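Student: Could you slot chain B onto chain A? The hints should help.
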Amino acid sequence: MSQRAPAFPNTPARRRPSAVWKVLTSTDHKSIGLTYMGVAAVFLVLGGLEALVMRLQLAVPGNRLLAGETYDRFLTMHGTTMIFFVLLPLLLGFTNYLLPLQIGARDMAFPRMNAFSLWLLVGGGLLLYLSPFTGAPSQGWFSYAPLSETPFTPQRGVDLWSAALIVGGYGTTLTAVNVLVTGARLRMRGMLYKRLPMFAWMSWINGFIILFALPCLTAVLLMLEVDRLLGAGLFTRGDPVLWQHYFWLFGHPEIYLLILPAWGLISEIIPVFSRKPIFGYEFVAWSTVAIAFLSFAVYAHHMFAVGLGWPVELAFGTTSMLIAIPTGIKVFNWLATMWKGSVRYTLPMLYAAAFIVQFTFGGVSGVTFAVVPIDWQLTDTYYVVAHFHYVLFGGSLFAVLAGLHYLYPKFTGRFLDERLGRWGFWLNVIGFNGVFLVQHLLGLMGMPRRVYTYPDLPGWRALNLFSTVSGFVLGVGLLLLLINLVRSRTHGRPAGRDPWNGWTLEWLTDSPPKEGNFSLLPPLHSRRPLWDLKHPDDMDHLRPRRHDKNGHIREEERGHQ
Amino acid sequence: MSAYPVFSPASSLAQPITDLTRLTFWLGLGVFLIVALVLIYFMWRYRHRGADGEPGQVFGNTTDEVSWIVAAALLVAFLLFMTVRVAAASSPATDTRTPDIYVVAHQWYWEFRTPDGAASSGELVIPAGQRVLLDLTSTDVIHDFSAPQLARKIDVIPGQHNRLWIEAAQPGTFSGVCNEFCGPEHAWMRFVVIAEPLAQYRATQAAQAAAAASPNASNAAAARGAEVFGRVQCGACHQVRGQPSAFPHTGAVGPDLTHFASRRILAGGVLTNTPEHLRQWLRHTQEVKPGARMPTLPLSESEISDLSTYLEALK
Numbered sequence: 001m002s003q004r005a006p007a008f009p010n011t012p013a014r015r016r017p018s019a020v021w022k023v024l025t026s027t028d029h030k031s032i033g034l035t036y037m038g039v040a041a042v043f044l045v046l047g048g049l050e051a052l053v054m055r056l057q058l059a060v061p062g063n064r065l066l067a068g069e070t071y072d073r074f075l076t077m078h079g080t081t082m083i084f085f086v087l088l089p090l091l092l093g094f095t096n097y098l099l100p101l102q103i104g105a106r107d108m109a110f111p112r113m114n115a116f117s118l119w120l121l122v123g124g125g126l127l128l129y130l131s132p133f134t135g136a137p138s139q140g141w142f143s144y145a146p147l148s149e150t151p152f153t154p155q156r157g158v159d160l161w162s163a164a165l166i167v168g169g170y171g172t173t174l175t176a177v178n179v180l181v182t183g184a185r186l187r188m189r190g191m192l193y194k195r196l197p198m199f200a201w202m203s204w205i206n207g208f209i210i211l212f213a214l215p216c217l218t219a220v221l222l223m224l225e226v227d228r229l230l231g232a233g234l235f236t237r238g239d240p241v242l243w244q245h246y247f248w249l250f251g252h253p254e255i256y257l258l259i260l261p262a263w264g265l266i267s268e269i270i271p272v273f274s275r276k277p278i279f280g281y282e283f284v285a286w287s288t289v290a291i292a293f294l295s296f297a298v299y300a301h302h303m304f305a306v307g308l309g310w311p312v313e314l315a316f317g318t319t320s321m322l323i324a325i326p327t328g329i330k331v332f333n334w335l336a337t338m339w340k341g342s343v344r345y346t347l348p349m350l351y352a353a354a355f356i357v358q359f360t361f362g363g364v365s366g367v368t369f370a371v372v373p374i375d376w377q378l379t380d381t382y383y384v385v386a387h388f389h390y391v392l393f394g395g396s397l398f399a400v401l402a403g404l405h406y407l408y409p410k411f412t413g414r415f416l417d418e419r420l421g422r423w424g425f426w427l428n429v430i431g432f433n434g435v436f437l438v439q440h441l442l443g444l445m446g447m448p449r450r451v452y453t454y455p456d457l458p459g460w461r462a463l464n465l466f467s468t469v470s471g472f473v474l475g476v477g478l479l480l481l482l483i484n485l486v487r488s489r490t491h492g493r494p495a496g497r498d499p500w501n502g503w504t505l506e507w508l509t510d511s512p513p514k515e516g517n518f519s520l521l522p523p524l525h526s527r528r529p530l531w532d533l534k535h536p537d538d539m540d541h542l543r544p545r546r547h548d549k550n551g552h553i554r555e556e557e558r559g560h561q
Numbered sequence: 001m002s003a004y005p006v007f008s009p010a011s012s013l014a015q016p017i018t019d020l021t022r023l024t025f026w027l028g029l030g031v032f033l034i035v036a037l038v039l040i041y042f043m044w045r046y047r048h049r050g051a052d053g054e055p056g057q058v059f060g061n062t063t064d065e066v067s068w069i070v071a072a073a074l075l076v077a078f079l080l081f082m083t084v085r086v087a088a089a090s091s092p093a094t095d096t097r098t099p100d101i102y103v104v105a106h107q108w109y110w111e112f113r114t115p116d117g118a119a120s121s122g123e124l125v126i127p128a129g130q131r132v133l134l135d136l137t138s139t140d141v142i143h144d145f146s147a148p149q150l151a152r153k154i155d156v157i158p159g160q161h162n163r164l165w166i167e168a169a170q171p172g173t174f175s176g177v178c179n180e181f182c183g184p185e186h187a188w189m190r191f192v193v194i195a196e197p198l199a200q201y202r203a204t205q206a207a208q209a210a211a212a213a214s215p216n217a218s219n220a221a222a223a224r225g226a227e228v229f230g231r232v233q234c235g236a237c238h239q240v241r242g243q244p245s246a247f248p249h250t251g252a253v254g255p256d257l258t259h260f261a262s263r264r265i266l267a268g269g270v271l272t273n274t275p276e277h278l279r280q281w282l283r284h285t286q287e288v289k290p291g292a293r294m295p296t297l298p299l300s301e302s303e304i305s306d307l308s309t310y311l312e313a314l315k
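Quick note, the sequences are listed as chains A and B, same order. The numbering of the first sequence is the numbering used here, which starts it at 1 and goes up by one. The numbering of the second sequence is the numbering used here, which starts it at 1 and goes up by one.
Derived by calculation from the structure, the hints in this document are not laboratory data. Among the clues, some could well be false.
Label-pair restraints from in silico Cβ distances [stated by the list, open to error]:
1) A:Ala297 <-> B:Ala89: 25 to 33 Å
2) A:Gly62 <-> B:Tyr4: 18 to 26 Å
3) B:Tyr4 <-> A:Pro215: 39 to 47 Å
4) A:Ala184 <-> B:Ala89: 46 to 54 Å
5) A:Phe472 <-> B:Asp116: 54 to 62 Å
For lysine to aspartate or glutamate, the following EDC-like pairs were computed, each having C-alpha atoms within a straight-line distance of at most 16 Å [as the list claims (entries may be wrong)]:
6) A:Lys514 <-> A:Asp498
7) A:Lys22 <-> A:Glu515
8) A:Lys514 <-> A:Asp107
9) A:Lys534 <-> A:Asp498
10) A:Lys194 <-> A:Asp540
11) A:Lys340 <-> B:Asp52
12) A:Lys194 <-> A:Glu282
13) B:Lys315 <-> B:Glu123
14) A:Lys340 <-> B:Glu54
15) A:Lys534 <-> B:Asp52
16) B:Lys315 <-> B:Asp256
17) A:Lys534 <-> B:Glu54
Some chain B residues near chain A, calculated using beta-carbon distances under 10 Å [what the hints assert, rightly or not]:
18) Pro5
19) Phe25
20) Arg47
21) Asn61
22) Ile69
23) Ile154
24) Asn162
These figures come from a predicted structure and were not determined experimentally. We treat Cβ as the ideally placed atom computed from N, Cα and C, and that holds for glycine.
Excised from the complex, chain A in its bound form (with noise of 0.2 Å):
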């Protein structure tokens, strides 16, 4: 006979649920943000390995080590996982975690379905990494039509690989829901979208990309899978075009929905760092809104070699230079906040500044395959290559590293560790240029991108060797930042709610913020209500204002004080 345990006061009635329990079951949106970011760093570390592996193989030519097949694996792979697994789950993740915090809500809008997206997503990947046990797809991520229908590619691999993608689709899409009605209806009182924070602006910016590009990719993916599954014949006795138009469809505003919260993180910490506003806050919020536009219109630059004709060309020549103008908008204003500023260096100022350094380079490069007789030369080449991992792993991924190191003292409420910190930036800048500045060489010398292995033509060999050993260089620049991250956990230097001194109301609240975020919030009356909190005599809605040569009202300009 069991006795019951006598009910003293202070006892708790059941065992306290395990940290892993909590994570799983949570609906809160900084819970989800951070698993978000979890997920994300395991996809890096798989993405990362897959990515050694194939430099590996290209690193002398007539390699053996994945011959064939195998290295075209290892290419679907690392691109599925990467764009889907990894940089949008990061994206997500910081979404999640600020965009409530900015604004002054409690949580996202539908904080359930917020959980069920999360989980929908790792769904998605773990389908994906079960392919190979049923033949890993070896199509691309891309996925051409007709090589990725049965006759060429029959392992069924690729029906998992597209169910994954069908998943996590899904999953992104209701939170490009959650992300558009929580800015939309769950601000606080005075936050008009024009004191919107820059971060916000884009990602919520960002739920409309989402939601209009990914059903595409789920569209297009289901028509693949009526094709292998049922045998309808959509690309193959049909026009193996149309696949192309519908992925790049979605694929192009996919770029963009993939760096859109990566500027917005660029653009709250430049300005904490240089102690200044963000130089021209409406040319900044408004060339997101052209941007979001234009990236719909700018696809078929993807298919300047399909013989699409010169009219359909030029069109989508023209936007995609145009496209070029508002993202110069952003780096200009990004350059001008700094201007007359106080610029600190440290470890997100570092980032964020080899941000803009690596991210030009990427969009510069980009403007030339608008130019549509270059793109006539250098499409599918390792120029390609070169240029998108720019814009994408020097671009996106930089931006988020730095808002990583922005944001690890709200995550955890300790700083990571400055010096570990320095040696993983010094890392990850010289790896990631040595590995992909090489590869623009090679591409105008004619490498094609996607072959496992090259001729031994002049140059060729010690461009590849000299990618894949950079490749390593950043692997362990990469691998200090995970032992960081973790180290300074439990090690890292004490932050405080406002290590940085910010301007936005997450730094308001305690590190890490409590359930519920806020206990009290100031009222609001301008776009940096923290600067108005610390300086009552010089708060920014009371700032005295001059007309200046041209007409326009301009914020009187002061020395230092």
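Tutor: Okay, now just chain B, sitting in the frame of chain A:
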């Protein structure tokens, strides 16, 4: 051959693209350097010097914003103007005449056919100094035809006939490659373009269009090789025009081997065409080109020797 084919055009079609590429690269480099140098200067000039208090709070300046938007727009307009000009010169209209050469892409080799019946694989012969119109299609997946010194690149799509002008100003040999991912052996789908003086080109084409001669009676090894060719049913995939094949030719599955010995590359560019390489290919097909549609055939060493003698006699 130059290390940078994009920057060493050998054709009036590729030359304008090269000029535009140089111009765009210089402009792009200029923009990048301005951004990078301004960033470095600002990082140094406005670094935190330990002073207390905040710097002046500047919120923006509409005049500055509008100026650099206008500057960027002018740059874009200029590039657009150049794009239109160069595109017309480097990819002229093609629907006015019948094509000179038919290009058929296969997993993983290139087939080149002329209307008079010459067929080659991996080797496109054109007359120098003339614009040649190609008609390109594919039998399986999407490939891409790229010979950057001579023409723009263009995709080769099943069920679709793209057309492309190609030209070599002078006689010479130029390399080409498949640029669209087309499966495991995408890496080995290379070709060479050989531009010959017109008279020589006509002679080459006439020779190529002719059927293959039977093995010389004095060459017993070649005759045995022809017998092996028939017995192991090479003809199921490969055609040798003018030669009896034990197997009816079922279509262009593998390269046409009629004038095999005159070719320079083997198996899509994995190897150069020498007797030793050919024997290596026959011995270890799947190791030399993993995933190739041709299996490693169970041939004895003497059969391989005879077969290669036969094939190398197909001049």
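Student: A separate judgement is required for each hint: does it hold in the structure or not?
Tutor: Now for the hints, and whether the structure bears them out:
The given range of 25 to 33 Å is respected by A:Ala297 and B:Ala89, whose C-beta atoms sit roughly 27 Å from each other. Under the hint 18 to 26 Å, the C-beta atoms of A:Gly62 and B:Tyr4, about 22 Å apart, fit the expected range. Between B:Tyr4 and A:Pro215 the C-beta distance comes to about 42 Å, which sits within the given range of 39 to 47 Å. Range check, A:Ala184 to B:Ala89: Cβ separation about 51 Å, and the 46 to 54 Å hint holds.
Distance hint for A:Phe472 and B:Asp116: a CB-CB separation of about 55 Å, consistent with the stated range 54 to 62 Å. The hinted pair formed by A:Lys514 and A:Asp498 meets the criterion: a straight-line CA distance of about 15 Å does not exceed 16 Å. Proposed proximity of A:Lys22 and A:Glu515 is supported: the alpha carbons are some 13 Å apart, at most 16 Å. About 11 Å separates the Cα atoms of A:Lys514 and A:Asp107, which keeps this hinted pair within 16 Å; it holds.
With a C-alpha separation of about 12 Å, the suggested pair A:Lys534 and A:Asp498 falls inside the 16 Å cut-off, and the hint holds. Annotation: proposed proximity of A:Lys194 to A:Asp540 holds, straight-line Cα distance about 14 Å (limit 16 Å). For a cut-off of 16 Å, the pair hint linking A:Lys340 to B:Asp52 stands: about 15 Å separates their Cα positions. With a CA separation close to 8 Å, the supplied pair A:Lys194 and A:Glu282 stays within the 16 Å bound.
Distance check on the hinted pair: B:Lys315 and B:Glu123 sit about 14 Å apart at the alpha-carbon level, within 16 Å; holds. The straight-line distance between the Cα atoms of A:Lys340 and B:Glu54 is roughly 11 Å, inside the 16 Å bound, and the hint therefore holds. As the CA atoms of A:Lys534 and B:Asp52 are separated by approximately 14 Å, the hinted pair is consistent with the 16 Å bound. Note on B:Lys315 and B:Asp256: the hinted pairing holds, with a Cα-Cα distance of about 13 Å set against a maximum of 16 Å.
For the given pair, A:Lys534 sits about 11 Å from B:Glu54 by alpha-carbon distance, which is consistent with the 16 Å threshold. The restraint placing B:Pro5 at the interface with chain A holds, with a minimum CB-CB distance near 5 Å, inside the 10 Å limit. Residue-level restraint check for B:Phe25 holds (minimum Cβ-Cβ distance to chain A is 7 Å; threshold 10 Å). For B:Arg47, the interface hint holds, since its Cβ comes within 10 Å of a Cβ in chain A; the closest pair sits about 5 Å apart.
Interface restraint check for B:Asn61: the shortest CB-CB distance to chain A comes to about 7 Å, inside 10 Å, so the restraint holds. Hint status for B:Ile69: holds, given a least beta-carbon distance of 6 Å to chain A, under 10 Å. A cut of 10 Å between beta carbons decides the hint on B:Ile154: the least distance to chain A is about 6 Å, and the hint holds. With a cut of 10 Å, the hint placing B:Asn162 at the interface with chain A holds, because the nearest CB-to-CB distance is about 4 Å.
Against the hints set out earlier in the document, no violation occurs for any number.
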